[in-house]
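*Asks:* What follows is each chain in one-letter form.
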Amino acid sequence: MGRFKSKNRKPFVKQFAKKTPTVDHVTGDKIPKSLVFSRGKIPGPLRQLQMDLRKLMLPYTALKLKESKRNNLKDFVSLANGMMVTHFLILSKTDSAAYLRVAKMKHGPTLTFKIHKYSLAADIVQSQLRPRCPPDLFKNPPLIVLSGFGTGEEHLKLTTFIFQNIFPAIDINTVKLSSCQRIVLLNYDKETKLIDFRHYSIRLQPVGVSRRIRKFVQNHQVPDLRSLQDVSDFVTKAGYGSESEGDDEAATVNLSSDIGRVNRASTKSAVKLQEIGPRMTLQLVKIEEGLCTGGLLFNEYGNVDAKKSENEEEDEQESDEEEMDIDEELEIEDEEEQEIEEED
Amino acid sequence: MAEELQSVSEATNYFRKRKMELRKKGGKGKKKQKGAPFSEKRVKIDNKMKKLFEKRARDYNSDNEDDNDAEPAPVTRAKRTSYGKDKPKSYGKDKPKSYGKDKPTSYSRNKSTSYRKEEENFDEEWADDGEEDLNEEIEISEDEDGQVQPGITKFIDGCNAFRLAFKKLLKKSASDDILGPVLSAHKNLVAEKLAEEDVERKVKGDAKKEKHLIREKGHVKPANFLDAYEKSLIAVATKGDPTNLVLTFFMGIMGLSVVKLFNAVNKAQHAQKGLNPSRAKDEKAIKKRRREVFFSELGKTPSQTTVSKAGASNSLEDDGPSWAPLRDNYMLTNPKLKDWDKNLDTTVEDDVRMPADSDSSDDE
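Those protein sequences? They're chains R and H, same order as listed. 342 is the number that the UniProt record's numbering gives to position 342 of the first sequence; each next residue is one higher, with no gaps. 260 is the number that the UniProt record's numbering gives to position 260 of the second sequence; each next residue is one higher, with no gaps.
Wrong hints could be hidden among the right ones.
Stated by the list, open to error - List of simulated lysine to aspartate or glutamate pairs, EDC-like, C-alpha gap at most 20 Å:
{"id": "1", "chain 1": "H", "residue 1": "Lys231", "chain 2": "R", "residue 2": "Glu154"}
{"id": "2", "chain 1": "H", "residue 1": "Lys217", "chain 2": "R", "residue 2": "Asp123"}
{"id": "3", "chain 1": "R", "residue 1": "Lys114", "chain 2": "R", "residue 2": "Glu154"}
Keep in mind that the hints were calculated from the coordinates and are not lab data.
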């Protein structure tokens, strides 16, 4: 019986994912790709955060990456090698807090952030009166703005370096402004040493047009003219609140080309940012030399262990270059224990 | 006083009824009689004796308002018909009510009014009226018969006690006790068990709450409005940070935010308008313009070092073809991480990276 059935069965065809380019065909730069996953057991909200981070990292990330308990870091590394992945974003959770590790393939370094506070994209959407999500929002990589990192400290420089390269670089000569839809902001606060992580969508709207007309042009809807005496009133009568929105001179731009129907190159446009989440407040806790392993380059808490390793670090930095070349094979351990021991 | 009266009347009624029952339905009457052995003798009392009894009783209570029992003879005659009809109905409806509250008041009233009337005029109708009243009395007394038989006084006490007890019972609502009807010895045990359960539940709830707190640690629901801090963050993202002189990196370009980037893009792309980047002739012009534009955008004049650096990088790349894949270092142009600290030590060098990149992209 089985035989007959198997004859009728259609052969299984493996569905290959559409291959994403590894190199930007215009600039020739290598496109950074990322994997977002978690280590250890993480609770529901953090799982959501992981999903939000994946969406944020789109399009060059694995949105539907499946992990199982048995996967260790080595699996991900081998996967990353095959897929030309350049960055890891690893979420983990201890009793004290959640942690985000940003690691560069394949020899590190690894930045470990403690997540002090976070809000999911869903929370942000809920808090907004009119959440915005145009269909092509996640089709292009976001821009990244790093603010306040110029204090001259080494670990901040490294952080900026890592985050600059986490998204594909923009070539201002060839970039299409219509592809700049999102922006990721990292703002470093010197006093609290916390990094605010925000994710906004960029919206452009013409300046100098009354709100009514703008809406009319945008929505294609028949306006409500009941309260007006004449059609001309619709154009001439100034709507309330429109002036306060768009009169900020600093937030207006001239466009090089038309974006959509509304924003013309000839007119000025105002840049509006609306948050799409997730929102995080991070604290840089430590920097490891390797991929979730290796000596400490930086430790926030600076305990005895750290001082020791800092001494080592100086030695290591000298021999760093040799190590990088020689140390092809990564020693990957389950990193949870390391992390916790150094936290507290 | 009224109660006493009532009791007397009840007593007499009781006897009368016994008689009646005997006559009418033998089976039931006999059964009842077994419960009341004394009645056997008294049933046989004839009318004369009865009247005498009544008279005596009347005399006994002579100082009271009036005598109790109505004229018995006609009453009993009439009763025979009404009794059979009334009995089941009244049993069903009246019993609990009369026992609860209404009994003392209604009885005294009934008696006082009806009996007085009977004394005054012994008409048939009045007698009938009284008879109905009597009927009621009879039923009730019959109900109570089992417990209190022997003496009149005892009957009163019993009736009273029973009534009070019943009243008490009725007043009590069973629902106010959480444990429900439980034996008192058991009550403590149940209470203990319940308390234990409560404590257990509390502990469980606390544990759950704690777990939930750990799960949700750090999770913050944002406010519905944009507070000042969020607004400032948005301003930083749009316009850059004007207040403190910090570096805002934007894809390797310093001092940019969304607006600055857009403006830079605008200038850069405006500059190359009308020139075809794929033509070798225009290429140099484009490059030159671009560099000028770039530095002007940054608000800096290219310093000596940068010029030399940029020149070096340009001279390297000038040889190669303009389209990226045709270049030798295609796919190899990744900044080496090794010297990230060296790279960033001098911020000027970071500026330089950009024009080099921009040069490399020429097809559109």
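*Asks:* Hints first: check each against the structure and report whether it holds.
*Replies:* Now the hints, each set against the structure:
Straight-line distance between C-alpha atoms of Lys231(H) and Glu154(R) comes to about 29 Å, which puts the hinted pair past the 20 Å bound. Taking the CA atoms of Lys217(H) and Asp123(R), the gap is about 15 Å. The hint holds against a cut of 20 Å. With a CA separation close to 19 Å, the supplied pair Lys114(R) and Glu154(R) stays within the 20 Å bound.
Of the hints listed earlier, the one the structure fails to meet is number 1.
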